[in-house]
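Residue numbers (the working numbering), protein chains in the order written: chain A, 4 to 307; chain B, 4 to 307; chain C, 4 to 307; chain D, 4 to 307.
Be a bit skeptical, because a hint or two may be false.
The list cannot tell twin chains apart, which means a pair is met if one copy fits it or any two copies do.
To be verified - Simulated crosslink set (DSBU-like; lysine-lysine; CA at most 35 Å straight-line): (1) K133 x K79; (2) K79 x K293; (3) K16 x K133; (4) K241 x K160.
Since the hints were made in silico from the structure, they are not lab data. Predicted model, so just to flag it, every value in this text is computed and none were measured.
There are 4 protein chains.
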Amino acid sequence: MSLTEQQKEEIKKQRSISTKTKRATSFGMEENLFLAHEVLDHGFVRVIDYMGNDSSIVQAARVSYGEGTKKSRDDKALIHYLMRHWHSTPFEMCEVKLHIKLPVFVARQWIRHRTANVNEYSARYSILDKEFYIPEPKNLASQSSSNNQGRGDTLGKVEAENIISTLKRDSLRCYENYEDMLSQEGKKGLARELARMNLPMNIYTQWYWKTDLHNLFNFLRLRNDKHAQFEIRVYAEKICEITKSWVPLAYEAFEEYQLYNQQFSNSAMSSLKRIINGEDVDQENCGMSKREWIDFCQAIGRKP
Amino acid sequence: MSLTEQQKEEIKKQRSISTKTKRATSFGMEENLFLAHEVLDHGFVRVIDYMGNDSSIVQAARVSYGEGTKKSRDDKALIHYLMRHWHSTPFEMCEVKLHIKLPVFVARQWIRHRTANVNEYSARYSILDKEFYIPEPKNLASQSSSNNQGRGDTLGKVEAENIISTLKRDSLRCYENYEDMLSQEGKKGLARELARMNLPMNIYTQWYWKTDLHNLFNFLRLRNDKHAQFEIRVYAEKICEITKSWVPLAYEAFEEYQLYNQQFSNSAMSSLKRIINGEDVDQENCGMSKREWIDFCQAIGRKP
Amino acid sequence: MSLTEQQKEEIKKQRSISTKTKRATSFGMEENLFLAHEVLDHGFVRVIDYMGNDSSIVQAARVSYGEGTKKSRDDKALIHYLMRHWHSTPFEMCEVKLHIKLPVFVARQWIRHRTANVNEYSARYSILDKEFYIPEPKNLASQSSSNNQGRGDTLGKVEAENIISTLKRDSLRCYENYEDMLSQEGKKGLARELARMNLPMNIYTQWYWKTDLHNLFNFLRLRNDKHAQFEIRVYAEKICEITKSWVPLAYEAFEEYQLYNQQFSNSAMSSLKRIINGEDVDQENCGMSKREWIDFCQAIGRKP
Amino acid sequence: MSLTEQQKEEIKKQRSISTKTKRATSFGMEENLFLAHEVLDHGFVRVIDYMGNDSSIVQAARVSYGEGTKKSRDDKALIHYLMRHWHSTPFEMCEVKLHIKLPVFVARQWIRHRTANVNEYSARYSILDKEFYIPEPKNLASQSSSNNQGRGDTLGKVEAENIISTLKRDSLRCYENYEDMLSQEGKKGLARELARMNLPMNIYTQWYWKTDLHNLFNFLRLRNDKHAQFEIRVYAEKICEITKSWVPLAYEAFEEYQLYNQQFSNSAMSSLKRIINGEDVDQENCGMSKREWIDFCQAIGRKP
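Given only the sequences and the hints, what does the whole structure look like? Please build it.
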């Protein structure tokens with residue numbers, strides 16, 4: 004990560020200021036406020052602000068005049084009930100605002116989650132920093148042979164080194180030419196909104212991203228998933244930790260009923276019941292495609 | 004307004020609790036927290052939570068590492084610039100959560116603002132209170148003769164009294180029958196989700212409603228407007244006051260560039276320029292419809 | 004249902020007009036266009052317009068230049084794959100517009116689905132028709148003793164008759180007073196936007212409602228569900244039939260992977276694996292609450 | 004533009020197929036269906052599908068049983084009334100689906116319009132084509148000295164030639180390395196989801212983009228504007244033409260009341276009234292900032 008001294012100073016200053024508030028407060032989240040949690044080689048996730056805590060979910064579900072409930076045991080039971088039945092509106096009553104630094108190709112996936120508010124650093128207005136994502140060798144993988152949009156084995160050492168060296172060289176050359184097109188010595192200099200088109204998609208951008216807890220869980224369920232690209236998954240993993248510190252009861256329920264849940268189709272349920280009844284089920288007589296049968300067997304811990 | 008003693012106690016208790024936070028705080032808004040601001044005969048608006056203040060808008064617009072800016076003069080200039088050019092995303096970075104008690108027919112207009120989060124008191128789960136909106140005589144108006152969806156003159160005393168007495172009588176009778184259908188003495192009692200259908204639309208409901216500042220301004224611009232129905236406008240007026248205490252700079256810019264701005268169509272602009280050039284413009288030669296011409300003259304303070 | 008002769012005439016006329024188009028067409032849906040499908044005692048669902056068919060989903064998933072695919076077998080496989088993995092965006096590429104007549108208390112549940120476009124018949128502008136939902140005796144049920152927001156047993160004949168007679172009487176009286184407050188004989192007459200507040204929530208309203216196929220499936224999954232109130236479920240069931248005629252492949256996949264799928268929590272999966280391995284699992288040692296254990300047993304077809 | 008022969012063939016084939024429909028049809032739009040309208044050097048806009056026409060707006064505003072109105076003169080009056088008063092919901096009842104090919108840096112601006120459905124060509128799944136946006140010399144401009152996010156004068160011939168040559172060289176080199184990293188000869192080859200990060204942001208991507216007419220107008224108002232970047236404005240201009248052919252009455256109203264309208268702040272209105280009353284108003288006594296005063300004078304056709 005590469006915070007400048009001035010940035011570190013600003014973060015330190017913000018963390019030192021404390022005021023009184025009557026609002027719902029999350030002690031776990033206060034610890035996280037403003038801190039830059041490292042992700043990838045130059046990226047980070049910083050909590051800028053939050054609204055609500057576990058009690059706010061209960062309070063909203065009850066449309067109550069005071070706090071949520073008297074006993075935290077009741078809070079937990081209600082939150083689990085709401086999550087289990089996919090009651091989304093009470094979770095929408097908590098909100099979080101993050102400052103995220105991330106490569107452009109990751110940002111392009113991220114922005115597909117539409118129910119969020121975004122302010123991105125503007126390359127029309129400002130000059131982007133000279134920071135590019137260069138994967139670690141262990142994260143350089145070949146195209147998956149079974150999954151058209153995933154990764155397979157890690158590349159060999161020589162091939163990885165060549166690729167890293169190419170990525171670095173192209174990034175730097177493009178950036179130098181970007182700077183050169185902008186620069187003013189004896190020339191007019193190209194407008195920033197045009198010059199930026201020469202930058203590759205591993206350059207880092209940053210934005211403020213704000214969303215509610217329900218939509219955050221949607222994001223985390225889809226991106227903290229084995230099918231998600233590694234480079235966005237590491238952000239989701241970090242945000243999972245942060246969310247756990249913010250709303251521990253809701254996060255626990257999220258893991259139980261959403262992140263680690265399992266879905267079975269109508270056909271899969273038929274097979275499941277037959278297996279429990281001691282029937283002999285295989286791919287031929289299960290009514291599922293080969294791919295589904297394999298996934299099904301894996302889910303129930305059985306060899307296909 | 005009709006808060007029970009227990010509700011007053013819960014509100015008082017919440018207002019007495021104060022914790023430390025590193026988050027952006029609005030001192031004006033802290034004063035409002037949890038207080039029930041009366042609207043109509045039994046309604047209210049209560050601030051339950053908020054996120055951000057004027058500085059948060061600046062901070063997001065700059066995607067900054069620390070606070071917004073050094074000088075509040077700069078904050079004001081930037082906020083006015085953003086509002087003037089309808090840059091909406093920085094205003095989306097502030098959020099507010101309100102507890103609102105309101106008649107059902109007002110709730111039905113309100114819910115049309117889709118970019119908000121809502122938890123409504125459930126009449127499937129709970130029994131609604133016996134509280135109905137009965138207008139004051141001065142707010143009982145006849146159908147407008149010029150505007151198909153508005154009000155005209157106030158009704159005469161006798162007619163108003165008759166109407167109020169009818170509204171009261173029908174409300175009470177419907178509620179008594181609602182209670183009667185629910186009640187269990189020697190009978191099974193109708194399910195709440197069914198019995199509620201007998202209640203008239205002036206009964207009060209309540210909800211938690213959460214939205215961002217940009218969408219709140221959209222709501223306020225449309226509902227704190229002479230074309231809005233009186234019964235929703237009074238809520239919007241109250242929320243305008245609250246918003247002013249929360250984000251005074253943003254609210255000032257909102258009044259200047261949105262709430263009290265004036266829009267001129269392409270044809271109106273042609274007429275305007277001709278008038279400034281000393282030409283004699285009237286409805287016949289202005290290219291606008293009669294209705295538009297009247298509105299145009301009113302806007303520029305001239306007799307049609 | 005109560006279409007006037009003029010309305011029937013207008014529908015007949017629209018159904019008789021046919022033009023040529025290069026657009027994707029669904030033959031099943033063409034049959035449904037404009038027809039009023041009865042729901043409840045005065046309600047209906049009418050298809051006003053639609054965009055796309057099964058091929059459009061494939062075409063969008065492939066961002067293709069021509070039609071979706073050559074073979075319909077491939078279309079089916081891809082659509083099932085997309086549905087199975089909750090890829091929502093290709094389903095968003097189909098759109099439907101419905102004209103729906105429904106009781107106000109149903110409309111208030113319906114509108115909570117925010118990702119849709121709505122034009123409702125305005126009671127500020129027009130006078131509502133004298134049509135109220137009066138349930139059939141067999142649909143009059145008592146409050147559920149196990150589910151706080153549901154129904155239990157059907158009411159006895161006498162109690163049902165009393166309730167129906169009360170609902171009818173209150174509806175009519177409120178409507179008569181509504182008309183009376185509006186009427187102009189020798190009086191000014193109350194503005195429509197005010198008079199409507201005297202109407203009970205079983206009065207019928209109507210709206211145009213437009214949404215995309217992905218959000219329609221969300222609506223159908225939640226509302227064609229045993230936990231949904233009967234009065235909205237019958238609309239969802241009718242729309243399921245219509246959707247099946249429109250996009251048969253997508254609808255089939257929806258039933259397989261969403262409508263009739265089954266979800267198991269993390270704890271439920273542990274129990275499931277233990278059961279398959281022949282272990283003796285009961286509520287005490289399953290790690291689930293009593294309620295969850297019962298639901299789990301029911302799902303796998305076993306006595307709790 | 005660079006359609007392959009096969010793509011041209013597929014488009015031709017789709018245009019030749021015609022079926023019967025009972026749906027609302029726009030004859031102007033039928034002409035546009037599937038045709039690739041050129042934008043920039045390799046980009047295009049193609050209409051894939053549409054729902055509704057001018058009558059559909061009227062029909063929805065009236066929640067009618069048949070077609071909109073009898074006379075097209077009434078349709079026009081109502082549509083103008085709706086647009087003038089920013090009634091957005093009837094315009095949401097029309098929908099359009101476009102296939103767009105555009106440079107990535109343009110796509111990143113475009114996607115900020117959240118109320119739309121998108122399926123983008125996947126660079127995780129497929130290999131991107133070797134097509135880059137290289138501006139024409141006349142569109143190569145220097146940074147604006149007055150506007151921090153805009154363009155100033157066009158660059159001189161030599162500087163422009165150098166820049167174009169740099170853009171071409173870097174694009175090609177990055178693409179060659181992209182291909183090289185992917186390729187399999189004797190090597191595993193890097194996964195596509197990783198290799199794409201080496202591509203610069205002037206590479207072309209493509210997507211299906213679907214939105215309703217109200218949100219399309221929002222897009223067009225913001226992007227067919229002098230403050231928008233040239234490279235997105237040309238897409239907006241092309242879509243304006245298409246929209247005009249689709250819903251001519253709505254488009255005319257859009258130009259009159261939204262695209263070419265003028266907004267005056269509260270302070271600007273004070274000055275305007277004083278000017279009309281013959282007072283001598285200048286920047287010192289107008290209550291506006293310098294920048295606002297200049298814009299105001301320009302709007303009313305007067306020297307600052």
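Evaluated hints:
Proximity of K133 to K79 under the C-alpha cut-off of 35 Å is restricted to the inter-copy arrangement: shortest distance 32 Å between copies versus 47 Å within a copy. In this assembly of identical chains, the alpha carbons of K79 and K293 lie at most 35 Å apart only when taken from different copies (15 Å versus 40 Å within one copy). Taking the closest pair of Cα atoms, K16 and K133 come within 35 Å of each other only inside a single copy of the chain (26 Å); across copies the shortest separation is 48 Å, beyond that limit. Within a single copy, K241 and K160 get their C-alpha atoms as close as 29 Å, which meets the 35 Å cut-off; across copies the closest is 50 Å, which misses it.
In this structure, every one of the numbered hints holds.
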